[in-house]
Amino acid sequence: MSDKVYGLMAEFDSPGAVLRAAEQVRGAGYRRWDVFTPFPIHGLDQVMGYKNSLVGWVSLALGAGAFFSVVGLIWYANAYDNRFIVGGKPMFSPPMTFVPSYILMIMGAAFGALLGMLGINQLPRLHHPLLAKKRFDLVTRDKFIIVIGANDQKFCATETRKLLEAIGGANVEIVEDCE
Amino acid sequence: MSELANLEELKRHAPPADLRRAPVIEGNLGLGWLTDKLSAFAEGKVPLWWWIAFLPAAFAATVIFPVCLFYQVFTGVGVWGNNHPDMWGWDIVNFIWWVGVAHAGTLISAMLFLTRQHWRTTIGRMAEAMTVFAVAMAGLYPAIHVGRAWFDWFMFPIPNSNGMWPQFKSPLMWDVFAVNTYLMVSSLFWFMGMIPDFAVLRDRSTTRVRRVIFSFLAMGWTGSAWQWHNYEKAYVVLCGLCTLLVFTVSSIVGLDFCTAQIAGWHATIFPLYFVIGAVFCGFGMMLVLLTSLRKLCGLESFITRSHIDKVAKLTLVSGLLIDYIYLMEIFIAWYSGDPYERWVFGHRFFGHSYMVFGWMMIGINVCVTQLLWFKKVRSNLAWLFVIGVLINIGMWSERFVIVVGSLYQDFLPANWGVYHPTIWDVGLYVGTLGAFFMLYLLFVKFLPVIAISEVKGATPQGDPHHPLGGAKKGGHS
Chain A
1 MSDKVYGLMA
11 EFDSPGAVLR
21 AAEQVRGAGY
31 RRWDVFTPFP
41 IHGLDQVMGY
51 KNSLVGWVSL
61 ALGAGAFFSV
71 VGLIWYANAY
81 DNRFIVGGKP
91 MFSPPMTFVP
101 SYILMIMGAA
111 FGALLGMLGI
121 NQLPRLHHPL
131 LAKKRFDLVT
141 RDKFIIVIGA
151 NDQKFCATET
161 RKLLEAIGGA
171 NVEIVEDCE
Chain B
180 MSELANLEEL
190 KRHAPPADLR
200 RAPVIEGNLG
210 LGWLTDKLSA
220 FAEGKVPLWW
230 WIAFLPAAFA
240 ATVIFPVCLF
250 YQVFTGVGVW
260 GNNHPDMWGW
270 DIVNFIWWVG
280 VAHAGTLISA
290 MLFLTRQHWR
300 TTIGRMAEAM
310 TVFAVAMAGL
320 YPAIHVGRAW
330 FDWFMFPIPN
340 SNGMWPQFKS
350 PLMWDVFAVN
360 TYLMVSSLFW
370 FMGMIPDFAV
380 LRDRSTTRVR
390 RVIFSFLAMG
400 WTGSAWQWHN
410 YEKAYVVLCG
420 LCTLLVFTVS
430 SIVGLDFCTA
440 QIAGWHATIF
450 PLYFVIGAVF
460 CGFGMMLVLL
470 TSLRKLCGLE
480 SFITRSHIDK
490 VAKLTLVSGL
500 LIDYIYLMEI
510 FIAWYSGDPY
520 ERWVFGHRFF
530 GHSYMVFGWM
540 MIGINVCVTQ
550 LLWFKKVRSN
560 LAWLFVIGVL
570 INIGMWSERF
580 VIVVGSLYQD
590 FLPANWGVYH
600 PTIWDVGLYV
610 GTLGAFFMLY
620 LLFVKFLPVI
630 AISEVKGATP
640 QGDPHHPLGG
650 AKKGGHS
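Here the protein sequences line up with chains A and B, keeping their order. With our numbering, letter number 40 in the first sequence gets 40, and the count goes up by one each step, no holes. With our numbering, letter number 34 in the second sequence gets 213, and the count goes up by one each step, no holes.
Treat the hints as calculated values from the structure; they're not laboratory data. All values derive from a computational prediction rather than experimental measurement. We treat Cβ as the ideally placed atom computed from N, Cα and C, and that holds for glycine. A few of these clues could be false.
[Stated by the list, open to error] No more than 30 Å apart at the CA atoms, straight line, and that leaves these computed lysine-lysine pairs for DSS-like:
| hint | chain 1 | residue 1 | chain 2 | residue 2 |
| --- | --- | --- | --- | --- |
| 1 | B | 555 | B | 492 |
| 2 | B | 489 | B | 555 |
| 3 | A | 134 | B | 216 |
| 4 | B | 348 | B | 489 |
| 5 | A | 51 | B | 651 |
| 6 | B | 555 | B | 474 |
| 7 | A | 154 | A | 4 |
| 8 | A | 133 | A | 4 |
| 9 | B | 624 | B | 216 |
| 10 | A | 4 | A | 162 |
| 11 | B | 554 | B | 474 |
| 12 | A | 162 | B | 651 |
| 13 | B | 216 | A | 133 |
| 14 | B | 651 | B | 224 |
| 15 | B | 348 | A | 89 |
| 16 | A | 133 | B | 224 |
| 17 | B | 489 | B | 216 |
| 18 | B | 474 | B | 224 |
| 19 | A | 154 | A | 51 |
| 20 | A | 133 | B | 555 |
| 21 | A | 134 | B | 224 |
| 22 | A | 133 | A | 162 |
| 23 | A | 134 | B | 624 |
| 24 | B | 492 | B | 474 |
| 25 | B | 474 | B | 216 |
| 26 | A | 134 | A | 154 |
[What the hints assert, rightly or not] Facing chain B, a subset of chain A residues (Cβ under 8 Å, in silico):
| hint | residue |
| --- | --- |
| 27 | 14 |
| 28 | 120 |
| 29 | 121 |
| 30 | 124 |
| 31 | 126 |
Make a model of the complete structure from these sequences and hints.
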């Protein structure tokens, strides 16, 4: 393991405490930091300053893409490449395409939601410096962890540690970068 | 007025104890305790009851199922009871039945999420698993019912040397897409919901094998605010999409019937009829699974009596809807003045040997369901288990009445015939039941059966604005 520092992590005991602490970290002017929680915390998005997630747009794009591709496919298959008269019906009419294209729109949009979520979160990622920390395992249990990255311009091993302790963080530890 | 005084004021106006909402978790002892309790079953030893249930299911799934399947595929549809004029028999009855079982799972999980019902967090995962496995069983039937299963690829729009394309004007074609989409989307939804819980099991794992498996499944989930932010958005989008599927898949199965000109099928009510019937049947299966697994897996604090009471009430609501549809169907058959319609409906209840199924449908789906009006019944788990089993039998009878009851005597008396299932029909059904329960038991034992992270978020300790969640003076500053 190299000596490079990934950041400093501090533990908190409750969602209320971590929310207040996050407000103070932001207030102190840090930009490269994150909060790790066992479940989504109401109000954290605003504190972190996140705008509406892009996942919805990815889903819409794939859903709409699937819808119109299937309309095109049906036109190509039944009205262009393989013309076959059934009950004197027209070769192509929009209503007949609706059901399959609607169903596959749902399929496309669902893949968009899952893959969009994974892509924007940069997953799958089978290794992460934080996952090597023993105490970090508690984040999926009952601890709430704030990590301030060493790549933050304001990061300073002593000052940042002081801040994390002042806002109530316990077990402040250095996270080593292993890349 | 200060925030503290505000809180006091709220407490003073709180409803009396017996009118308050039941808490989502009973005897809640904190987030760590929740994690321990909820992962305990997936991490513990395999209990005896599990083997007792698993072995017969696995026998049916790995012996009876493949034997019946391969014999039918190698020999032909003739091994079943299907024959002119009953070209659809148990295979289609069971197909609709399995699709039906699937529906309530999506309804419970997705629709109750969109309506922000916190009690769904404890039963949602079980419902989603039921959906995934039931759709897989359903999808099998049409695939082999076509007779030459090795030509199934004809149904997919693949460029081929025959120069042929599927005919998209046919609702049977729509079924292919509907069922496959349902299987894919419900699996995605189920899997995505489990990612944070795989991370829980990864971080708790004590052996290297478990750690490696759950690390792969969790895909590097760390639970950062950014990940949750995108995850929540994706989840709500998937819930919306799954809700659309609740209303489309069974409607399309219904369209298979109502576009045919057979008396008893050719009715505009069919898509809705099939959706409601599917949901009702699925709630029956949910009652069976919940009442039995809550005790067997030691989940009494999570799947509380209040949750089961709510599922029972939803069962009653869907039961009343299906009763209304039966009434309308019979009324329209009479009101249409069509002699064939009247004949078919008369014979569903007063003719030939199939009338027993007609009366089972009325006796169970209409009469037995009314028991759920009583709080005494809704709070008795044994009763609910029996009612759940009966609803599944009642809904199976309904599908038999619809499929066989309309086909065996059509417009021309010279065409009439009788339908009898063969041992291969029965065997395949037993095999799918076995496969379903085998998969379900594997899920219950090895995967997080309750959404751990969702449950934590639904507790007072998980709410940053609640005193137990660390809020100071009635709310965070």
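Taking the hints in turn, this is what the structure says about them:
1. Of the supplied pair hints, the one linking residue 555(B) and residue 492(B) holds, its CA atoms being roughly 13 Å apart against a limit of 30 Å.
2. Of the pairs offered as hints, the one joining residue 489(B) and residue 555(B) holds, with about 14 Å between alpha carbons and a cut-off of 30 Å not exceeded.
3. Pair hint residue 134(A) plus residue 216(B) holds up; C-alpha atoms about 21 Å apart against a cutoff of 30 Å.
4. Taken as a hint, the residue 348(B) and residue 489(B) pair is broken in the structure, with Cα atoms around 41 Å apart against an allowance of 30 Å.
5. The suggested pairing of residue 51(A) with residue 651(B) holds, with an alpha-carbon distance near 27 Å, which does not exceed 30 Å.
6. Proposed proximity of residue 555(B) and residue 474(B) is supported: the alpha carbons are some 19 Å apart, at most 30 Å.
7. Distance check on the hinted pair: residue 154(A) and residue 4(A) sit about 17 Å apart at the alpha-carbon level, within 30 Å; holds.
8. Distance restraint check for residue 133(A) and residue 4(A): the Cα-Cα separation of roughly 15 Å lies within the 30 Å cut-off, and the hinted pair is therefore satisfied.
9. A hinted pair counts as satisfied when its Cα atoms are at most 30 Å apart, and residue 624(B) with residue 216(B) qualifies at roughly 14 Å.
10. As the CA atoms of residue 4(A) and residue 162(A) are separated by approximately 20 Å, the hinted pair is consistent with the 30 Å bound.
11. Between residue 554(B) and residue 474(B), the direct Cα distance comes to roughly 20 Å. Compliance with the 30 Å bound is thereby established for this hinted pair.
12. Restraint check: the Cα-Cα separation between residue 162(A) and residue 651(B) comes to about 23 Å, which is no more than 30 Å; the hinted pair holds.
13. For the hint linking residue 216(B) to residue 133(A), the alpha-carbon distance of about 24 Å falls within 30 Å, and the restraint holds.
14. Of the pairs offered as hints, the one joining residue 651(B) and residue 224(B) is violated, with about 42 Å between alpha carbons and a cut-off of 30 Å exceeded.
15. Only pairs whose Cα atoms come within 30 Å are accepted, and residue 348(B) paired with residue 89(A) is accepted, the gap being roughly 9 Å.
16. The straight-line distance between the Cα atoms of residue 133(A) and residue 224(B) is roughly 28 Å, inside the 30 Å bound, and the hint therefore holds.
17. Our distance criterion of 30 Å between C-alpha atoms is met by residue 489(B) and residue 216(B), whose separation comes to about 23 Å.
18. Between residue 474(B) and residue 224(B) the alpha-carbon distance is near 16 Å, which keeps this suggested pair within the 30 Å criterion.
19. Straight-line distance between C-alpha atoms of residue 154(A) and residue 51(A) comes to about 24 Å, which keeps the hinted pair within the 30 Å bound.
20. Straight-line distance between C-alpha atoms of residue 133(A) and residue 555(B) comes to about 52 Å, which puts the hinted pair past the 30 Å bound.
21. For the hint pairing residue 134(A) with residue 224(B), the CA-to-CA distance comes to about 25 Å; that is within 30 Å, so the pair holds.
22. A threshold of 30 Å between alpha carbons decides the hint, and for residue 133(A) with residue 162(A) the separation of about 21 Å falls inside it, so the pair holds.
23. At most 30 Å may separate the alpha-carbon atoms for a hinted pair to count; residue 134(A) and residue 624(B) meet this at roughly 27 Å.
24. As the CA atoms of residue 492(B) and residue 474(B) are separated by approximately 21 Å, the hinted pair is consistent with the 30 Å bound.
25. Between residue 474(B) and residue 216(B), the direct Cα distance comes to roughly 14 Å. Compliance with the 30 Å bound is thereby established for this hinted pair.
26. As the CA atoms of residue 134(A) and residue 154(A) are separated by approximately 26 Å, the hinted pair is consistent with the 30 Å bound.
27. Below 8 Å, beta-carbon pairs count as interface contacts, and residue 14(A) has one with chain B at about 3 Å; its hint therefore holds.
28. With a least beta-carbon distance of about 5 Å to chain B, the hint placing residue 120(A) at the interface is held under the 8 Å criterion.
29. Interface hint status for residue 121(A): upheld, as the beta-carbon distance to the closest one in chain B is roughly 5 Å, under 8 Å.
30. Hint on residue 124(A) holds. Least Cβ distance to chain B is approximately 3 Å, under the 8 Å limit.
31. The closest approach between the C-beta of residue 126(A) and any C-beta of chain B is roughly 6 Å, which is under the 8 Å cut-off, so the hint is satisfied.
When held up to the earlier numbered hints, the structure conflicts with 4, 14 and 20 and fits the remainder.
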